[in-house]
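J.: Chains as they are written, first to last, in this note's numbering: chain A, 1 to 221; chain B, 1 to 231.
No lab work stands behind these hints: they were computed from the structure.
What you are looking at is a predicted structure, and each value in this text was computed from that prediction instead of being measured.
Do not rely on the hints blindly, as some may be mistaken.
To be verified - Only part of the chain B face toward chain A is listed, based on derived beta-carbon distances under 8 Å:
#1 Arg47
#2 Ile53
#3 Ala57
#4 Asp59
#5 Leu61
#6 Gly64
#7 Arg76
#8 Tyr80
#9 Lys88
#10 Leu91
#11 Thr92
#12 Phe99
#13 Trp100
#14 Asp102
#15 Gly109
#16 Val112
Said to hold, decoys possible - Here are the in silico distance ranges between beta carbons for each label pair:
#17 Arg17(A) - Pro126(B): 47 to 53 Å
#18 Ser2(A) - Gly187(B): 25 to 31 Å
#19 Gly108(B) - Leu27(A): 35 to 41 Å
#20 Val178(B) - Val171(A): 58 to 64 Å
#21 Pro42(A) - Ser136(B): 31 to 37 Å
#22 Gly187(B) - Asp21(A): 44 to 50 Å
#23 Arg68(B) - Leu8(A): 27 to 33 Å
#24 Val171(A) - Gly187(B): 56 to 62 Å
#25 Arg13(B) - Arg17(A): 32 to 38 Å
#26 Pro123(A) - Asp129(B): 51 to 57 Å
#27 Leu35(A) - Glu171(B): 37 to 43 Å
#28 Asp129(B) - Ala39(A): 57 to 63 Å
#29 Gly108(B) - Ala215(A): 30 to 36 Å
Heads up, the beta-carbon is just placed ideally off N, CA and C, and yes, glycines get one too.
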Amino acid sequence: MSAVLALLRRDLKLALRQGIDVALVVLFFLAAGILFPFAVGPAPNLLAAIAGGVVMVMAALAALLSLDRLYLPDFEDGSLDGIMLSPLPLEVVAVVKALGHWLTTGLPLIVAAPLLGLALNLPAAAYVPMLTALLLATPTLSLLGNLGAALTLGSRRAAVLITLIILPLYVPVLIFAMAAIDGTRLGFSGSSAFLGILGAMFVGSLALTPWATAAALRQST
Amino acid sequence: MALFEARNIACKRGEHLLFDLLNFSVASGEALVLTGANGSGKSSLLRVVAGLIQRRAGDFLWNGRTMRPDGDQHRRRLIYLGHGDALKANLTPRENLRFWADLVGLPGGQAVSVVEQALEEDHLEPFADLPARFLSAGQRRRLALSRLRLQPSSAVPLWLLDEPTNALDGEARRRLIVLLGRHLAFGGLIILATHDPLRELPGRHLRIDAYAPGPVDDRADVIHRDHGEAI
Chain A
1 MSAVLALLRR DLKLALRQGI DVALVVLFFL AAGILFPFAV GPAPNLLAAI AGGVVMVMAA
61 LAALLSLDRL YLPDFEDGSL DGIMLSPLPL EVVAVVKALG HWLTTGLPLI VAAPLLGLAL
121 NLPAAAYVPM LTALLLATPT LSLLGNLGAA LTLGSRRAAV LITLIILPLY VPVLIFAMAA
181 IDGTRLGFSG SSAFLGILGA MFVGSLALTP WATAAALRQS T
Chain B
1 MALFEARNIA CKRGEHLLFD LLNFSVASGE ALVLTGANGS GKSSLLRVVA GLIQRRAGDF
61 LWNGRTMRPD GDQHRRRLIY LGHGDALKAN LTPRENLRFW ADLVGLPGGQ AVSVVEQALE
121 EDHLEPFADL PARFLSAGQR RRLALSRLRL QPSSAVPLWL LDEPTNALDG EARRRLIVLL
181 GRHLAFGGLI ILATHDPLRE LPGRHLRIDA YAPGPVDDRA DVIHRDHGEA I
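Pulled out of the complex, with its shape left as it was, chain B reads as follows (with noise of 0.2 Å):
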């Protein structure tokens, strides 16, 4: 069964509506890749599965029963790695990652070592104590995605990245891939929003364009074509 499952979303920004009666499910170690042309409403769909912004209709529901997207207990089980980078340039990468680890709550000895790690999983090390202002736009992008490493995957299940592969070369792409899949070998969810195929993930594709306003009887046929289909 999906243990994560949308119904009926309608997401409006500003007067625009960007899709509507969009519904998708996410089985437990599965990844639901999200595509679409610019502007699609990709990250918007993130940042509403993420509670960050207010859907105009439809329902979440969690293993099953619905659920407020914006609550407590939705907010501890997600990680959500957006566009921007979250880093303050005038930190270390280690100090970047520390706070992070901190505002999770990991307790002080825990937070220390999982950042040691995450720093050395991610081949961080020998600019760790730099100024991140120094590091290029790729070696940000690694900084930014070594916070999913801080938290075990069975704390936080599910995984929302947007474009997760953007400035990364293809070392840490595929570094990247194997950390998704080992997310995804634990159970995990990943809903991520990217233009790249990212054909080596188990799991689902869904074009939000799909879901644009528009005539009814285009979208029925749209629906079924895409959601299932696999990759």
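If we strip away everything but chain A, and leave its shape as in the complex, we get (with noise of 0.2 Å):
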């Protein structure tokens, strides 16, 4: 226990200190959101319309781009070496490594996606859809992403690779928390059974994703 703490604790602190990773995430998520006012026009109708699957795919985006920063750092300075011969089984560090990029890019986007929401005249009866849907939804997208960080480790291009590998994963997780948030717009009876498909999205990433991780980082020394 104590050594999945330490490795929670050192990756959290190591994202604090380097802060600047985290607003940018903000940053990226929010600024991206904004031009699309400029993009379609800002007749209010279209932007509420649009509003929740804006919120949804720069969420998405965002969590892809801090994505090299899970396990390429550690295995460049040779730390990834001493993780994997620590006493702490390899699926663990998986999860422990998924938590510190959700907390450290999931959970911030939760915070300022009311903002983004704001910008976009997102309809107000959509707000508390939205967060569930994103608390839901997020830590799916932080389990899948590490999985790809762990297969494109090592490899040149992991970048692109990752993008590439990762954003067909993505889809599922976007159509039903899009489902959840505009659901009543589109004429679905209640989110509630959306909400529910995203919980055991990520309940399903979260019991499969760690093993697949696992051998990836197998893989790659």
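Dock the two chains into a complex; use the hints.
T.: Laid out in structure tokens, this is it:
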């Protein structure tokens, strides 16, 4: 247990000391989202219709942006060897890494999301479903991204590869998150079923991705 | 009897066969010094022994019994220090060492005391609270090697070191030799890759180049000559 906490504490400490990394992710999320009113025009109805989707897509892209700091620094300076040889099972390492990623990207994005919702004229009734959907979707994005980061470790052009591998896996998450946010407007009855599916995706990826991530890490050295 | 033995090990990196039919054994209290040209496979051999990369062929024996180098049990009895320093530039030396102490599972109180002791013994205290990015290459190396002091020799008998004397000044190199000697005196095993002859260490010499794939006749001769060579 103390080893788990040590790894998590170290990752959080490093993220906070390079606070600019966390700030950049949030700034990217806000700045890229705010481009939409300029591009599609400031019509309030149009913006209200796309607001939920823009928030989700921007959250997914912002999460993607920070994936290369998950394993690459540890891989390059040799720390990953020590972590792999520690008594901690590699599957546990993968979960801890994903948790660290979520705490330093997913959580700040959830906090910043209402701000972007405001800028995009998100309907008042959509805030709670949006935040709930983000709360359930961002951990899944972190877990899937974690797998992508491990798979591309040590390859050249890792950043582009991660994007190509991970974006298709993000599609189902986006679809159900959108249905949860926009359900009423799109004519579905209520959003709880879609939130349930998002929750199931999170549990499923929590159960499956650590094994795949650990296997990918073993191949990387 | 040799505590650790390797039989007919082969290692391939990509499509390139680095070495083949490599045999060696290391007894308790003995060091095996790996030498050879750059790229001959010294680092790869250490990583194979650590279980970080897969061997293509061959067996490893611990105490006469075959074992998996990537198994849990083997992982717990070894410490591997590669040519990277495994340090975080934004953490202080104290925090860096504390992380490794916690990661190997030392309980909190003990972790604090072994870290303080390691900082003192390696003369790292003057900059123990400075972010490691301000350290010189030699100081970083000393800090990386301090990880050897965190666990007793009895807990991790097998030390795998990749060019440990790189960037060290004379004084730090001398302290390292004393530390290695102490580990051997406690019955530990050391396998290290180096370009520094390290004549002070009791042990044997293994020239990896001799196992590069080639005509088998030449190899048999070299194995005989180099494997038994004492330094």
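J.: Now tell me, hint by hint, if it's right for this structure.
T.: Against the structure, the hints come out as follows:
1. Arg47: holds (7 Å)
2. Ile53: holds (6 Å)
3. Ala57: violated (19 Å)
4. Asp59: The hint is violated - Asp59(B) has no Cβ within 8 Å of chain A, the shortest such distance being about 20 Å.
5. Leu61: For Leu61(B), the interface hint is violated, since the closest Cβ of chain A sits about 20 Å away, which is over 8 Å.
6. Gly64: violated (24 Å)
7. Arg76: holds (6 Å)
8. Tyr80: Nearest chain A Cβ about 6 Å off; hint holds.
9. Lys88: This interface hint holds because 6 Å falls under the 8 Å limit.
10. Leu91: holds (7 Å)
11. Thr92: violated (10 Å)
12. Phe99: holds (5 Å)
13. Trp100: holds (7 Å)
14. Asp102: holds (3 Å)
15. Gly109: Cβ of Gly109(B) sits 11 Å from chain A, so the hint is violated.
16. Val112: Violated, because the Cβ-Cβ distance from Val112(B) to chain A comes to roughly 12 Å (cut-off 8 Å).
17. Arg17(A) - Pro126(B): 47 to 53 Å: Because 22 Å falls outside the window, the suggested range is violated.
18. Ser2(A) - Gly187(B): 25 to 31 Å: Hint holds: Cβ distance 28 Å, inside 25 to 31 Å.
19. Gly108(B) - Leu27(A): 35 to 41 Å: Given about 38 Å between the Cβ atoms, the range holds.
20. Val178(B) - Val171(A): 58 to 64 Å: holds (60 Å)
21. Pro42(A) - Ser136(B): 31 to 37 Å: With Cβ atoms ~57 Å apart, the hint is violated.
22. Gly187(B) - Asp21(A): 44 to 50 Å: holds (46 Å)
23. Arg68(B) - Leu8(A): 27 to 33 Å: Given range 27 to 33 Å: holds, Cβ gap about 29 Å.
24. Val171(A) - Gly187(B): 56 to 62 Å: With a Cβ separation near 58 Å, Val171(A) and Gly187(B) satisfy 56 to 62 Å, so the hint holds.
25. Arg13(B) - Arg17(A): 32 to 38 Å: holds (35 Å)
26. Pro123(A) - Asp129(B): 51 to 57 Å: holds (52 Å)
27. Leu35(A) - Glu171(B): 37 to 43 Å: Given a distance of about 58 Å, which is not inside 37 to 43 Å, the answer is violated.
28. Asp129(B) - Ala39(A): 57 to 63 Å: At roughly 50 Å between Cβ atoms, Ala39(A) and Asp129(B) fall outside 57 to 63 Å, so the hint is violated.
29. Gly108(B) - Ala215(A): 30 to 36 Å: holds (32 Å)
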